[in-house]
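Undergrad: Given the structure of chain A, go ahead and fit chains B and C onto it with the hints provided.
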Amino acid sequence: MEGLNELAFVLGGVNHWITVFLIMAGLYIIVSRSNMIKKLVGLSIFQTSVYLLYVSPGKIIGGTAPIISTDFAVYSNPLPHVLILTAIVVGVATLALGLALVVRINEAYGSIEEDEVYGDGDWN
Amino acid sequence: MSDLSLFIVAAILIPAVGAAFIASSGSKPNVREAYTLVTAALLFVVVFLLVPSVMQGARPSTEGFDILPGLTVQFVIEPLGMIFAMIASTLWIVNSIYSVGYMRGNNEKNQTVFYTCFAIAIASTMGIAFAGNLLTLFLFYEVLTLSTYPLVTHKGNDDAKAGGRMYLGILLTTSVVFLLPAVIGTYFVAGTGDFTIGGIIPKDESPFVIAALSVLFIYGIGKAAVMPVHRWLPAAMVAPTPVSALLHAVAVVKAGVFSVVKIIVYVFGLDMFSGSGSTGWVVYAAGFTVLVASIIALGQDNLKRRLAYSTVSQLSYVVLAAAMATPLAIIGAAMHITAHAFGKITLFFAAGSIYTAAHKTEISQLNGIGKRMPFTMAAFTIGALSMIGVPPTAGFLGKWYILSAAMEIKDWFVLFVIFVSTLLNTGYFVPIIYRAFFKAEDVPPSHDHGEAPWPVVLALSLTALGTLSLFLFPEVPLTLAKALVGQVL
Amino acid sequence: MLIDQFPAIVVAVPLVAAALCAIVRNETACWLISLVVAFLCFVGSATMLGQVQEYGVPLSYKMGGWAPPAGIELRVDLLSGYLLVLVSLIATAVLIYGRHSVRAEIKESVRGWYYAMYLLCMCGLLGIVITGDAFNAFVFMEISSLSMYTLIALGKDRRALAASYQYLIMGTIGATMYVIGVGLLFTITGTLNLIDMAERLAPLLDTPAAIAGMAFVVVGLSLKIALFPLHLWLPNAYAFAPSAVTAFLAATATKVSIYLLMRYLYTVFGFSFAIEQTPILEVVMVLSLAAIFAGSFSAIFQENIKRMLAYSSVAQIGYITLGIALANAPGLTGSLVHIFNHAVMKGALFMLVGGIALQIGTVRLSDMAGVGKVMPLTMFGFVLGSFSMLGVPGTVGFVSKWYLAIGALENGWWWVVALLMLSSLLVLVYMGRVIEVAFFRERPEGAPPLKEAPKSMIMTAWVFILACIYLGFDTSFTVGVAQQAVDVLMGGAQ
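Protein chains in written order, with the numbering used here: chain A, 1 to 124; chain B, 125 to 613; chain C, 614 to 1107.
Just chain A, same shape as in the assembly:
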């Protein structure tokens, strides 16, 4: 029974495990990559974790969309889905702005490697 409980813990929280994985993967990419575009990719992955975090608890297996009808008693909560739509828009906007900045940085510095951009200038 012990083993079963642990299995249930692992499987039951599978959405959270994936969320955690995405967070860590995203952060790792941001920290470890010097290429500015790859950093943005990492940032996107990091943000994606949020979508999963919100949407997955809102879904009830066997639940339907929230339609007022006597035929259905179990609904999924629609609110997280709506929230995440907004979050996705925010994520897209951030990515777009980030990429635009990288284009401009490339024009100005001739490089998108962080070492070269931050490393050359006198920052004082």
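Hint data in this document are derived by calculation from the structure and do not stem from the laboratory.
Glycine included, each C-beta is placed from N, C-alpha and C at the ideal position.
Be aware that a few hints might be false.
Derived DSS-like pairs (lysine-lysine); straight-line CA-CA distance at most 27 Å [unchecked claim]: (1) C:Lys986 with B:Lys233; (2) B:Lys279 with B:Lys327; (3) C:Lys1064 with B:Lys233.
Per the computed footprint, the stretches of chain A lying under chain C, defined by three or more beta-carbons under 8 Å from a beta-carbon of chain C, are [claimed, not checked]: (4) 5-16; (5) 64-74; (6) 83-89; (7) 93-107.
TA: Chains B and C in isolation, oriented as in the chain A frame:
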């Protein structure tokens, strides 16, 4: 609001408004000096109009102005503040006359800034004198520091910059790191900062807190120059002589010792200060400063520096007296504040006079100068005698009271300090007088000179006369000093 | 009544006006639109604050007619009203101030866009403060942040781009952390309304999800606040952004995040929980003190004046968060008062430095030799601003410091008082350096002639400088509102 409270406000506003006028006078020297003199005269009149009622026991005050709930800016005149305001306003007139001669004689630049800052400094001095609570005192104390910084750095060269750094560094550091916590701590333990006869710190406060507060106050008031926070005073000597004379012999340093006396009398209360063992250290710190500063003064060849160290030593006399915290000693402290102000400003005036006329700054160059500048050196002699405490000069009175107080409580340490320091005072002043009058000029001066410009000579003669007449007619300050400790003449 | 619509208006009008500016794109027209809108927002905010003060009841606006907690609630109480007034006031002032410096520093073709972004940023900041909904706050946070990255990237120097990118990465991580935290709290409470969340969270506070949620929210917001050691984005962003942007940013952006942090610590998690059950306040206190000293020390070694002031901001943020960590009424009052005071004094200083940047073209200390003689108004203002930073009595800095010190004493922490006082000496050192160079060094031979910055810049900056002194004496607005707001915060916890 009574008429008297209007006078209080006027005493602070007149120099402030005067500063604005002076600043607007641009580069017209006559207008600028006229403004200065008129402002000084007005202030003098206003301050002296307040004297009679304060002597009769009135304690005029203004209405409080709340900065924060419980934290008020208020002015109350009590006897000690009255004495201080009288000294500062009287000597400002004399000093203004002197400044005109000195600044023109030496072709100093940026004189408008000089006179403007000077007037602001006087305004804040009045604020300190009339402060009714700790917050107000602290407020004007800081303004005084900041407004005198441009005066210290007036020459603008590297020396002045270094001196200014030391000046601002020490005074601001001590006030922010020690004095401000002391003020906050007092409000915290006492719930108020209003100066009250008998003190405001609760009698049952733990000795540790009292000791901590006394340390923070004594060293936080850096202007009182108790060693080791005295270094700013010699550093400030890079300033033009009128600044050294009025500010670093009178307004700024007296603001320091005045605050010390006021805090001992009105915040700690005499009973607590003399009674609790946790504040006994102040007497020793002050006594140490008196002796060590005098010894250092012996070794200085630069005249202004020797005077500066003499000031450090004399200031600690006042602290020493205040720390004994008996009525007689407090009277001594108040009298010494007065006497030293007149004596020391005379000495600085003389030093500036020598610099203007002969361009000499070192004591070793002064051989025979008494013959060329008889008025200057006669005034210098009177000032020096007052420092030593020889009658018939004002310095005798202050020392007399301090000495009697020490006898009364049989404090042998204080007696010892006074005795030795009197010898040391003699040791560093008499040789100067001897050189000036009895030695022949060893090298003829590069240019044939006589006395300094007449405003300079007039000013130093006036203060020298003041030093003498204070000995003969000490009634006004003495009455006020006695009122301070609740004695009626 | 119209006033019931004000909460929506102060957010919606800038949003619409931003779109309008994006269409018009004529510089003068956009400037006028922005100015009018910002001023209206200020009037609206002040009216709402007055209303709340008078009746003692928060204004609540149901977005789209949906009642909270399901719908989004816009909520103006004393605390948020105070911040609304601050943000809209600074926004208006910087618009008046910034006309010349925008012309000098930003290409003509994008000036219309500049004003669009500026309005959007203001909209976001006002939104964060006014919303009563956790997720909505995230959306507004991103609106303000994205527009802010754009504004920073408009700086003349190419390093502005790199600084903006750096801020984008850090800022997005912060915002995402925040939203993760909100997600966890939402999962266990099923609500996003902050007040409702506080009620439902009360019995659940010791669950791991609540604690993890709190940790994520606090770390995320700390990134936005630039609390040491998460401040790395701030110096570069402040240093290379256009001068007007820096003045606006320094005075408002971090403050708004601090507001949100206070809301979470005191309202949502509750005063007693945050203090007693978690070490969060101890952590904040240590970090605040570290911020004060690290920020001030770094400021001493900066050659670039804007960067120096930016590091000083890191330190000043430390003072504000220190007040939060003291967790008593005087400490929190000090913190709230300092939010306003710091905005005023740092806004003024950045405005003056912007004037210098406009006239001499750089903000390096070595290029400022002798500036005091040719730009006396600017530098004299700078001196007064420094006094305020130093905490000289009679300036706003003193008032904040007073409350923080009393707060520390109330907890019996003498050593915090000592550290507070010591830290002001560092201010003396770094501001003193600038003043010495400006007044005691001569202009180099052959340096081009200089004159004062344009009147509009000097005057706005001086209004703020004078406010530093005025508010140092008349504290009825800052301290008055702050104390009432503290009651709201502390009372909400009981």
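Undergrad: Would you mind marking each hint as holding or not holding in the structure?
TA: Checked hints:
Between lysine 986 (chain C) and lysine 233 (chain B) the CA atoms are separated by roughly 14 Å; this keeps the pair inside 27 Å, and the hint holds. A threshold of 27 Å between alpha carbons decides the hint, and for lysine 279 (chain B) with lysine 327 (chain B) the separation of about 50 Å lies outside it, so the pair is violated. Restraint check for lysine 1064 (chain C) and lysine 233 (chain B): the C-alpha separation of about 22 Å stays at or below 27 Å, so the hint holds. For the stretch 5-16 of chain A, the stated coverage by chain C is violated: 0 residues have a C-beta nearer than 8 Å to a C-beta of that chain, whereas at least 3 were required.
Evaluation of the coverage hint for the stretch 64-74 of chain A: breached, as 0 residues show C-beta separations to chain C shorter than 8 Å, against a requirement of three. Look at the stretch 83-89 of chain A against chain C: 3 of its residues bring a Cβ nearer than 8 Å to a Cβ of that chain, three or more, so the hint holds. Chain C is given as covering the stretch 93-107 of chain A, and this holds because 8 residues of the stretch bring a CB closer than 8 Å to a CB of that chain, at least three being needed.
Violated hints for the displayed structure, listed by number in ascending order: 2, 4 and 5.
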